[in-house]
Amino acid sequence: MASKKKTDAKGEARSVRTAGDPALDREMLQSMLLQRRFEEKTGEAYALGKVGGFCHLYIGQEAVSTGIISQLRPDDYVIGTYRDHGQALARGVAPRAVMAELFGRIDGCSRGKGGSMHMFDRHTNFLGGHGIVGSHVPLGAGVGFAIKYRGGDQVCVCFMGDSVVNIGAFHEALNMAALWKLPVLFVIENNRYGMGTSVERAAAVDDLSRRADGYKGMDGIVIDGMDVHSVREAAAKAIARARTESLPSLLEIRTYRFRGHSMSDAVSGTYRSKDELEEYQTMDPVFSLRDAMVIAGTLTVAEWEQMEKDVAATVQDAWDFADQSPEPPAGALYEDVLVDTTS
Amino acid sequence: MATKVFMEALSPTMEEGRLVKWNKPEGAAVKSGDVLAEVETDKAVMELVARGDGVLRKQMIAEGVTAPVGSVVGVIAGADEDISALLSAAPAAPAAAAAPVAAPAASPAAPAAPAGPIASSAAPAASGPVRSSPLARRLAKESGVNLAAVAGSGPGGRVIKRDVEAAAAGGASAISRPLSAISGADFTDEPLTQIRKTIAKRLAESIGPIPTFYLTAEFDMTRAVEMRAQAAALGDDFKVSVNDIVLKAVATALAAHPEVNAHWLGDKIRYFNRVHLGMAVATNDGLIVPVIFDADRKGLRDISMESRDLAKKARERKLTPDQYTGSTFSVSNLGMMQIDQFTAIINPPECGILAIGALEDTPVVVDGAIAVRKRMRVTMSCDHRVIDGAVGARFLQTLRRMLENPLMLVF
Amino acid sequence: MPIITYREALNQALREEMSRDDRVYLMGEEVGVYNGAYKVSKGLLEEFGENRVVDSPIAELGFAGIGVGSAMAGLRPVIEFMTWNFALLAIDQVVNSAAKMLYMSGGQFNVPIVFRGPNGAALQLGAQHSQAFESWLAHIPGIKVLSPGTPYDAKGLLKSAIRDDNPVVVLEGEMLYNTKGEVPDHEYLIPLGKADRKREGGDCSIITSGKMALVAMQVADQLAKEDIHVDVIDLLTIRPMDVEAIYESVRKTNRAVVLEEGWEICGIGAQVVDFIQRECFDDLDAPVIRVHQADVPMPYAKNLEKIAKPDAAKTIAAVKQVMYRS
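Residue numbers (my numbering), protein chains in the order written: chain H, 1 to 343; chain X, 344 to 754; chain A, 755 to 1080.
Rather than coming from a laboratory, the hints here were simulated on the basis of the structure. Nothing here was measured: the structure is a model prediction, and the numbers come from that model. No residue lacks a Cβ here, since even glycine has one placed at the ideal position from N, Cα and C. Zero decoy hints are in this set.
Interface residues of chain H toward chain A, partial, derived using beta-carbon atoms under 10 Å: (1) 101; (2) 136; (3) 139; (4) 172.
Quick partial rundown of chain X residues pointing at chain A, CB under 10 Å, derived from the structure: (5) 476; (6) 477; (7) 478; (8) 480; (9) 496; (10) 497; (11) 498; (12) 501; (13) 503.
Far from chain H, some chain A residues (derived; all Cβ distances over 10 Å): (14) 783; (15) 971; (16) 976; (17) 997; (18) 1080.
Same shape as in the complex, but just chain H (with noise of 0.2 Å):
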């Protein structure tokens, strides 16, 4: 049994923010800033009508997609939920992209059909984003299935909500990936409220990594998820296990979301409280590893100042970008319904 930290992201005993690697720490710090700065560029879109649809911010949770996506290989397989903008981001899928997906564009990685909740690239061999809550699970247990298939020592990372703990699927999912030993990391970003439901008012247990213990030989951590390095560190052991031998494991990444569930409902004041709010975002998972590198000496004021403009060029490009891309033309309604021919 792995030992388990009882930690969480409210700072009980919370990890030490430290720095670690320099050259690491920039990449990571970077991939981030990125995610950051460009979620909070799709709420200003979203908000000029330029995105429609059902939209999720993944502000406050960076530290996560950053710190697990990091230890991956190009040949393993990361598939998501609904709240997927920072994943494809982290796992490199071209900002431009993204933003042109989030426009409704031809350029946009899933050629606009998809759009904020269904984001896919064959290229990172990201699976998507997908909408219904824990139906993903058991095609994150099937990528195993098929790395396990084949022989290969891949790995696949299933990113869910804390939500998804109480439905069917995940129950199912998880008890053929621990009978069949498929190499899977089934990652809870417990950002602790389904939509507006607090874990403990939906969770019969609230300790989400102990349904874990349901599995024979699944490992189930508690993880800070405000700190990069727990979450990196964290994920590098449970990848060996899953790569060399092929063993699942579930991860409970207690995290916090800064923005509301979706676009239209308020960030705090009726399922949680602005105080709560506040008080998570004194360990901000961004500006926490920055500031860590400032006082070990490992970034300058001035290399922090050059990295927020260059993020924010980026960003700005993705959106120049989106904005000039064509609408899918009007042919393509009908294209990609079925793919029409037999191998």
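Following the hints, put chains X and A in place on chain H, whose structure we already have.
Just chains X and A now, with coordinates in the frame of chain H:
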């Protein structure tokens, strides 16, 4: 400044037009030249365009309504301009399209009738239009059977395929109208389309006042058929129909016989030096006669292409008025429908029309021996006011020489 | 030509395709050690091993999703549902995952998967085990839906389904597994989306599929004795439907009866009638009549069940009705 939209004369012979479709809704901004509506004339569906700028304030007639040429069908004016005077001054437009209407089954004066013991056990269809299956309607139309006169044997008196077939086969004795049809006026009124009105008017004019006589001749088409086959063997560019060869021959013969290539103008006869050949085309709406202009000066290939193009346009109702007016002589061919011989009705003010029958393998005596030859009968209708018997006969002689020796068409 | 059962035909199709392509695997409840609830997979575990013939827990949603995920990662799964009634637990994976993936990924991820199993009523299995789901599934763009009625069709269609790069649903019939028919011993495929004329006649079209195709053939043979000759169009593929075959037949016969196993409301027959009225309106000499299951959950009692099901007698009555014969 308000502009009235008139029903315009969109064909040379149009007296009234049916507004098929408004292309601009009320309230739409329009500029001079914009297409306001589609209008069915006696020949085709044409565009009615705006003659002023502003807003289409009022559509005075509904889609489907027929209005006489010159009547006001709409008003274009400034968005806020007062057009009430125009509206009240305009004559009341027909209220609705003259759609097929069934005669009322019962007198409107007898509203209290149904309760009595007389209430019949008639089929439920008794009070409605003739019930018929879609197939029966199609077959009736094709075979010229009047559905209203057919007793339906299907549920509720529905006229079905077998009823129409029996009627078409002359099974009149088998037809007994159900009680309902006798007691109620069970018939359908079909309003005349513009094209049908025109056909009727003009053909009646023709058969009545025109003293017509007919000349029939049988031509040997063997060589013409051979020529066609030889030409076709040269490739697609040389493929023509027998009808094309006939058209070419008629045009060439007409050039040699201006005495039959003429118009009767009441107080004078106009003989033409140019040959504008009308070719009758059957369309779903009726007959129309597009024109091959200067047909005598055109080669076989051009005639072939042009006749095909005109026939297609005619069927699609895409002919413009200049394409179906101005013919000097006409040809009607029912050979493809296995008609051996018929008489065609002159299209005035022309003075002659040629009716072409089917090609048929016929045993004939050639050089003292029986041979099977391709034969074709042509009948020329002649307006005796212009063409005398011998004049018509001479024209047919020339035509015979050309069709029986088609090489002449090359010179 | 050898005569084999429908079950054996499906078994041959699976064996041949698994031998041909090692990306093809079979997963479902009892497909391995038990040799299949209906013995369709008999002998396959022995031949291909447990890596490729996978006994799953009773977890339709889970293993259907594993199938879809594995297809996204390059495998070609055949997912067996013990019956389509149980597949309702997995319908999310069929509708929201398999059918949508290609489209919402902008053409990047296709899902070459086959979902198959028995569909429709058998005998006295009661309300929850006696349902025909053709119309539910055929409603969804992004999947193909097959409904073979004979051993020949079952084998040829299943092989084509496995080779197709799209999600394909194969609706088999519990009552069909024991039926026999000629199946050639050489390899053959039946193209998806093509109907098959099972009987030729000029008096009335019967448009049908699956188990009901057998009923339609009985009807045709019986009516022939009364000199009524029906054209039996077996759709084989419900989606995409071979509308041209329907039009051709109805234009010839001027009358149609649509025979299906499922319920009336929003059923396959409703769609077929719509196609006919749109394209063959002027060819019809009678309204199209539908024959289908009674609009009730399937009762257990033998007599009630018989009344509820579509059958030859009801179909014959319908044919005579559209022919205005009594």
